[in-house]
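S.K.: What follows is the residue order along each chain.
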Amino acid sequence: MFRTLVVTQGALASELVAAGKRIAGTLSQCQAVSLGWDDDLATARERIASAMAEAGPSEVLLLVDLFGSTPCQAALALAEPGRVEVVTGANLPMVVRLGCPGGESLSVSEAAEWLTAKGQGSIQHAQPRGAGSAPAPCAEPVEVG
Amino acid sequence: MVEEDVEISNRLGLHARAAAKLVHQAARFKSRIALVREGEEVDAKSILGVLLLAAPQGTALKLRCDGEDEEAAAAALTGLIRDKFEED
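Same order as they appear, the protein sequences are chains A and B. Residue 101 in the working numbering sits at position 101 of the first sequence; the count goes up by one each step and never skips. Residue 2 in the working numbering sits at position 2 of the second sequence; the count goes up by one each step and never skips.
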């Protein structure tokens, strides 16, 4: 079982987790780390490490906002393949998906691939119904590995 | 396989929280469970799949359950949908 930390600058992380809880009903293995906009890399890394320590020795998925951002760089400094994995581009569908059944038995490495596919698959150029072909259903289970 | 025709009757339609309730309920069963709208079939155990149905109030859907507990699954899910996801 892995735990997820949603890491962003500003209140985005806490709002994403709050929205995910509101929709999915529960999000027990997921916490928000909202960094300050002026936090430097060392501070950001310290805050993420502190949140990871609170989560105990479990595997951790760090779901960060932007590739290349301070949260992303700090997360990558803490990454350990197989124990601490980093996924960028956090969005609400990814957080909601964490609160629904299906990913509990995955290792953190498998979960990183799974959640990346979910996040990418959740983005649609939406059209009114009947105006074009229907989007491909996001079928389960997603092959990993 | 069990098939049931259902209509989304709650005011907000099959929105995100309703979809999450449906997915949590579907995940309790071993059967393969699908929802079909106008020929488009999605996995009822996938919230992102269910949301792709974009089904407002009044939408007619077909519930398809296939597996060892298909009868119980169909009963539970039709009940949830007809009970308007405990909303309204």
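Calculated from the structure, these hints are not laboratory results. There could be a bad hint or two in this list.
Claimed, not checked - Cut-off 27 Å, straight-line C-alpha distance, at most; resulting in silico cross-link-like pairs (DSSO-like, lysine-lysine): (1) Lys21(A) with Lys30(B); (2) Lys84(B) with Lys30(B); (3) Lys84(B) with Lys21(B); (4) Lys21(B) with Lys21(A); (5) Lys21(A) with Lys84(B).
S.K.: State for each hint whether it applies.
M.R.: Comparing the hints with the structure gives:
For the suggested pair Lys21(A) and Lys30(B), the alpha carbons sit about 25 Å apart, so the restraint of at most 27 Å is met. A C-alpha spacing of about 24 Å is found between Lys84(B) and Lys30(B), which places the hinted pair at or below 27 Å, so the restraint holds. Of the supplied pair hints, the one linking Lys84(B) and Lys21(B) holds, its CA atoms being roughly 11 Å apart against a limit of 27 Å. Taken as a hint, the Lys21(B) and Lys21(A) pair is honoured in the structure, with Cα atoms around 12 Å apart against an allowance of 27 Å.
For the proposed pair Lys21(A) and Lys84(B), the alpha carbon gap of about 21 Å is at most 27 Å, so the pair holds.
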